[in-house]
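Trainee: So the chains spell out like this:
There are 2 protein chains.
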Amino acid sequence: MEIFYSKDIDGTTIRLNPEESAHCVKVLRHREGDEIAVMDGAGTLLWCRLDDASPKEAVATVVRREPGFGGHPYRLTLAVCPTKNMDRYEWMAEKATEFGVDAIVPVIGERSERKVCKTERLERIVLSAAKQSLKAAVPVVAQPLSVMDFIASFASGASAPVSGAASVSGSGALPLGGASADGGEPLKLIAYCFEGEKLSIREALEASSQRDVVVLIGPEGDFSPREVAAAMKAGFKPVHLGASRLRTETAALASAAALYYKYI
Amino acid sequence: MEIFYSKDIDGTTIRLNPEESAHCVKVLRHREGDEIAVMDGAGTLLWCRLDDASPKEAVATVVRREPGFGGHPYRLTLAVCPTKNMDRYEWMAEKATEFGVDAIVPVIGERSERKVCKTERLERIVLSAAKQSLKAAVPVVAQPLSVMDFIASFASGASAPVSGAASVSGSGALPLGGASADGGEPLKLIAYCFEGEKLSIREALEASSQRDVVVLIGPEGDFSPREVAAAMKAGFKPVHLGASRLRTETAALASAAALYYKYI
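Respectively, the protein sequence lines represent chains E and S. Residue 21 is where the first sequence starts when you use my numbering, and the numbers rise one by one after that. Residue 21 is where the second sequence starts when you use my numbering, and the numbers rise one by one after that.
Hints were generated in silico from the structure; no laboratory data involved.
Treat identical chains as interchangeable: a pair holds within one or across any two.
Below, a list of computed lysine to aspartate or glutamate pairs in the EDC-like style, where the Cα atoms sit at most 20 Å apart:
hint, residue 1, residue 2
1, Lys218, Asp242
2, Lys104, Glu240
3, Lys104, Glu22
4, Lys135, Asp169
5, Lys282, Glu226
6, Lys76, Asp28
7, Lys282, Glu223
8, Lys257, Glu205
9, Lys138, Glu240
10, Lys253, Glu217
11, Lys27, Asp72
Every value quoted in this text rests on a predicted model; they were computed, and no experiment measured them.
Build the full structure now, drawing on both the sequences and the hints.
Mentor: Structure (structure tokens):
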């Protein structure tokens with residue numbers, strides 16, 4: 021099964037962009053009258069009839085809508101410091117999408133070696149991973165912000181929307197802080213390496229009925245004490261990820277897997 | 021903390037190979053008298069005093085041994101069909117090592133597009149990942165064999181050892197089939213995409229007290245019905261990995277994560 025992607029949906033008429041049109045018509049050789057599946061990136065799969073098999077702008081008519089296609093029964097925001105080597109971060113974004121993630125937020129820590137993170141490539145990667153793993157919702161890739169600003173967005177009363185990846189997300193903005201989608205406060209977890217009594221991420225997830233989960237993962241050099249203190253104050257719960265020393269990108273994926281397994 | 025690796029251990033005298041010696045003496049600038057940590061690849065960390073800071077063959081004396089360093093409370097064999105793109109397989113080997121895996125067996129399925137798999141690079145990757153994640157045991161990378169031969173190695177009475185990665189494994193041979201390390205039959209799981217009533221891998225792991233676990237993961241085109249039938253006959257339990265369509269390498273990692281979380 022091959023899923024196409026379009027944001028150009030007007031009532032029951034869908035247009036594919038040149039890249040998707042070429043793939044549909046030239047590579048997969050779809051012809052007028054064929055049934056094709058198109059995702060809107062926001063969670064709905066649209067079963068369509070191809071009306072115009074143009075390799076530059078294919079046009080199709082929506083026959084049936086399937087909301088929540090390939091969805092998961094939770095909302096996960098992974099706020100992860102970019103790794104020195106961006107390949108590792110991109111890999112994490114791809115794999116987290118396969119498991120199920122709703123937003124990936126590149127956060128820059130005080131000890132981050134990498135202070136910049138371009139999101140265009142990440143957006144392409146999560147779109148491709150969503151299509152490949154048959155999910156009609158594409159994770160939002162947020163614009164980078166500092167760990168402190170990310171934490172501050174959860175301070176009581178704060179609800180400043182941080183601009184997401186408008187071209188992909190559907191909503192165009194990612195409400196990072198404040199109330200969660202279902203009105204309650206999200207379960208906010210921070211994984212760091214400092215010693216101390218902590219729950220494992222599995223225990224923390226099992227102890228909560230909150231399906232809106234935020235996990236904050238630090239850089240190679242860990243969070244600064246100031247960042248940890250600010251996170252505690254904002255209600256983040258410290259968790260550990262077990263005895264293994266996991267790289268940043270592996271820790272992020274381990275978090276996605278833990279939530280995935282809670283609802284498997 | 022930096023861990024060196026040596027197989028050249030004679031009583032309390034350890035010699036590092038030229039690559040490790042150069043890293044120890046030229047890059048990290050260790051001098052005679054320094055304390056260094058050396059892993060034997062079989063699970064023991066050796067705290068040593070550097071006696072000869074030769075950049076070509078450093079020599080050290082063992083001061084203290086720490087068996088089971090960075091170990092995990094289970095034994096996991098991941099038998100995974102190589103992916104078309106070997107980068108993805110190598111990534112899986114690295115990440116599985118971070119979580120904890122004892123043997124990686126490249127198995128060639130009847131529907132595998134990739135029929136060959138060179139293990140030299142994989143061995144270097146798991147050694148590097150073990151060092152990086154502070155584990156003194158390096159996973160064995162077995163020589164590739166067919167899915168059918170792998171399954172046959174578990175048939176009752178079979179105990180043919182399949183040659184492992186002698187240069188890294190310590191044991192030089194990986195007893196694939198037959199009895200497990202603790203004498204019992206390992207828990208053998210097969211993940212495949214055919215429809216049908218199956219436990220999730222989490223449920224299957226939770227229902228078993230067996231700490232010796234084998235997970236068989238198929239190629240992009242899934243196992244053949246013949247392979248699935250042979251696995252059932254050999255006592256493999258079918259499991260699913262949840263609603264998400266995971267790539268081969270992600271499925272392997274999801275399995276490693278499931279076992280990791282059982283004992284976290």
